[in-house]
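Each chain, letter by letter, is given below.
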Amino acid sequence: MAVIEAAGLTKHFLARRGIFGGERGVVRAVDGISFTIEAGRTLGVVGESGCGKTTTAKLVLGLEDPTGGTILFEGRDLQGLDTAGRRLYRRSVQAVFQDPYASLNPRMRVDTIIAEPLVTNQALAATEVRGRVLHLLDLVGLPARAADLFPHEFSGGQRQRIAIARALALSPKLIVLDEPVSALDVSIRAQILNLLRDLQAELGLSYLFIAHDLAAVAHMSHTIVVMYLGKIVESGDARTLARTPKHPYTEALFSAALPSHPDERREEIILSGEVPSPLNPPSGCRFHPRCPHAMPSCAEQEPALADIEGRLVACHLYDTDEHRAPIRIAAGASPVS
Amino acid sequence: MSNSIPSSASYEPTGQGLPVKTGPLLEIENLSTHYISAGGTRVVRAVDQVSLRINAGETLGIVGESGSGKSTLALTILRVLPPAARIVEGRMLFEGQDLVQKSDNEMRHIRGKRIAMILQDPMASLNPLFTIGDQVAEPMRVHEGVARATAWRRARELLKSVRIPSPETRVTQYPHEMSGGMRQRIVGAIGISCEPRLLIADEPTTSLDLTIQAQYLNLLRELQRERGLALIFITHNLGIVAKMCDQLAVMYAGRVVESGPVSRIFNAPIHPYTEALLNSIPRMSDSAQRLTAIEGQPPDLAALPPGCAFAPRCVRAFDRCRVEAPPELGLRERRTARCWLASSDSIPSDMLVQSSTA
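Here the protein sequences come in this chain order: X and E. One point on numbering: in our numbering, the residue at position 289 of the first sequence is 282, and numbering is uninterrupted. One point on numbering: in our numbering, the residue at position 149 of the second sequence is 699, and numbering is uninterrupted.
In case anyone wonders, no lab produced these hints; they're calculated from the structure. Be aware that one or more of the hints could be misleading.
As the list claims (entries may be wrong) - Just so you have them, the derived chain E footprint on chain X, three or more residues with Cβ under 8 angstroms:
hint, segment
1, 110 to 116
2, 160 to 174
3, 179 to 187
4, 234 to 247
5, 253 to 262
Unchecked claim - Now the in silico label distances, taken between C-beta atoms and shown as ranges:
hint, chain 1, residue 1, chain 2, residue 2, range
6, X, S290, E, G573, 58 to 68 angstroms
7, X, P282, E, T719, 18 to 28 angstroms
8, E, T719, X, S270, 12 to 22 angstroms
9, E, E883, X, R258, 46 to 56 angstroms
10, E, N677, X, Y94, 48 to 58 angstroms
11, X, S270, E, I586, 47 to 57 angstroms
12, E, E707, X, F143, 46 to 56 angstroms
13, E, T719, X, S276, 19 to 29 angstroms
14, X, T237, E, E656, 21 to 31 angstroms
15, X, S290, E, T719, 31 to 41 angstroms
Note that the structure is a prediction, hence the values are computed from the model and not measured. Virtual Cβ for every residue (Gly too), placed ideally from N, Cα, C.
All chains should be modelled from the sequences, with the hints used to inform the complete structure.
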């Protein structure tokens, strides 16, 4: 069953006017994206800065209201929820952020930090709360004595465990993980990633996993969504997508990921230029100015997401009826005309 | 002074800058940098008995977690340590001269000219109040006494060589008018402006997006090839090492626990820490498997355990590891390891060359 179903989800921000007025711009941070997060599964979102992945996370968390489209939570539209329904939703969807040094209050003891969501949301006796806190600490692999300490007494990895324990306090259905390991030491990252996978298996949690590290996303996710300038360019099964990317942007992105071994040799596609401003995205396919395969039609017509061999891809290269693979062009070669 | 400057502004290797082939460009021997508290009561051994070598044109990766001493090592090489830090022992032979013995004034002529550094955050390395042209031209004006107009002309060419589009207009702009990738390329241009022999890059791409990171790493590699630069990459990212480096030094708690050629270490790590680190990274190909995590936490440098600092987290530690710190062992193929296991039967005897108790 789907925990979250987003359809045509859109978030436009109005850009501030300059001191002398003038045209008011619209930042199309998220522009009509659709995705599903199934129960007990992980949806990974990848893309570079400005692609809209953090805005997507905020929309799912209910921290921003969409300007278009719908989010269904267990089949019910979020927009139509009353106060009680909204409350239940906020309890069911929790978050773990990147920096455990910023996300934990330094003046609160660990048991107060973890118990805070319990106290504000449920009427529980003090002993019951304490029992839940100790259980949660045990779940994330921290000793019971951690409850009486302050955050500064813990290392980065342990703090992230505390943040995870707090997110688990209300037995949520979905946890939004926004770069959960990138602030941690390399030798600690595997501990946290393993813990998240164990908790998912044990508690049947769903994750929305956002990270720059493509190997970590591929490792954690069942499905991956690739975003570019507010649009989904490709989505599908995590392992097949990582192994055989179809959209030229996905291909370039995964080829830019660092190798895990010095003997690993692969075709490297170096994209020219940088991500354009979402204030003024390119016409047609938003990726066409940087695309090594761009054709004249790419600048005019926006490609729609289409089912290509069990995957969704938005690219004119697959417009032909047979859906054959595009001709590979090495980096630096002239674009196809 | 001006006659020492190549008359053409071309940035082909001039010949005069090429090193004489007389051994390594930089040789660090038994170097220790400690942070000492005001009363002298607390000593943090940030860099402890480190020996390293880098040849001209080579790329050395120094890998470690936060607190492993890798950044202090870079600051030591450049002699820009904070007041509490002391170089307590060792030598740093750069082009045959010991940098530890140089006066501050002598170091000023080496820093930015013979050895340059690129830092992690380009916005912190650039002055927001000066134009890009001024900042790229500054090292040439200071170190080579070039006239402003000449320095600016060379600045434009440098911007072109780091692939900044329309350098003519960019030189008159300020850092806030550039994207993150462009700023980092400008910092790179400043780094190579006086044709240094050694460039130290401390986490140069952590603030960049993936496709921009790939552009930047390729640019660094091209610059290195064109100019015969030696590069030291300081990073926590083994992927960067796999992509860019020839030689690798792994640091843990202030010490180099293993060093040698990158592909040798990746294929057959000797130190259990290196091995565990390599096994703990997620790989694109095998996402089904559980990661092999390293249990425990990195140690507190002010309160190191007796013996090997990694012993409390090491799956192969035995009694001796907890009592006595292993010496650095020199092995074949420029490899070293600081582990009792390396001196026992687990290493084929033909790999052993000599043992040094440095």
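Quick rundown of the hints versus the structure:
1. 110 to 116: violated (count 0)
2. 160 to 174: violated (count 0)
3. 179 to 187: holds (count 8)
4. 234 to 247: holds (count 5)
5. 253 to 262: holds (count 6)
6. X:S290 / E:G573: 58 to 68 angstroms: 60 angstroms, holds
7. X:P282 / E:T719: 18 to 28 angstroms: Hint holds: Cβ distance 20 angstroms, inside 18 to 28 angstroms.
8. E:T719 / X:S270: 12 to 22 angstroms: 18 angstroms, holds
9. E:E883 / X:R258: 46 to 56 angstroms: Once the Cβ atoms are compared, 22 angstroms apart, the range 46 to 56 angstroms for X:R258 and E:E883 is violated.
10. E:N677 / X:Y94: 48 to 58 angstroms: 28 angstroms, violated
11. X:S270 / E:I586: 47 to 57 angstroms: Because 50 angstroms falls inside the window, the suggested range holds.
12. E:E707 / X:F143: 46 to 56 angstroms: 55 angstroms, holds
13. E:T719 / X:S276: 19 to 29 angstroms: Roughly 25 angstroms apart at Cβ, these two residues keep to the hinted range, so it holds.
14. X:T237 / E:E656: 21 to 31 angstroms: 57 angstroms, violated
15. X:S290 / E:T719: 31 to 41 angstroms: The hint (31 to 41 angstroms, Cβ to Cβ) holds, given that X:S290 and E:T719 are roughly 33 angstroms apart.
Against the hints set out earlier in the document, violations occur for numbers 1, 2, 9, 10, 14.
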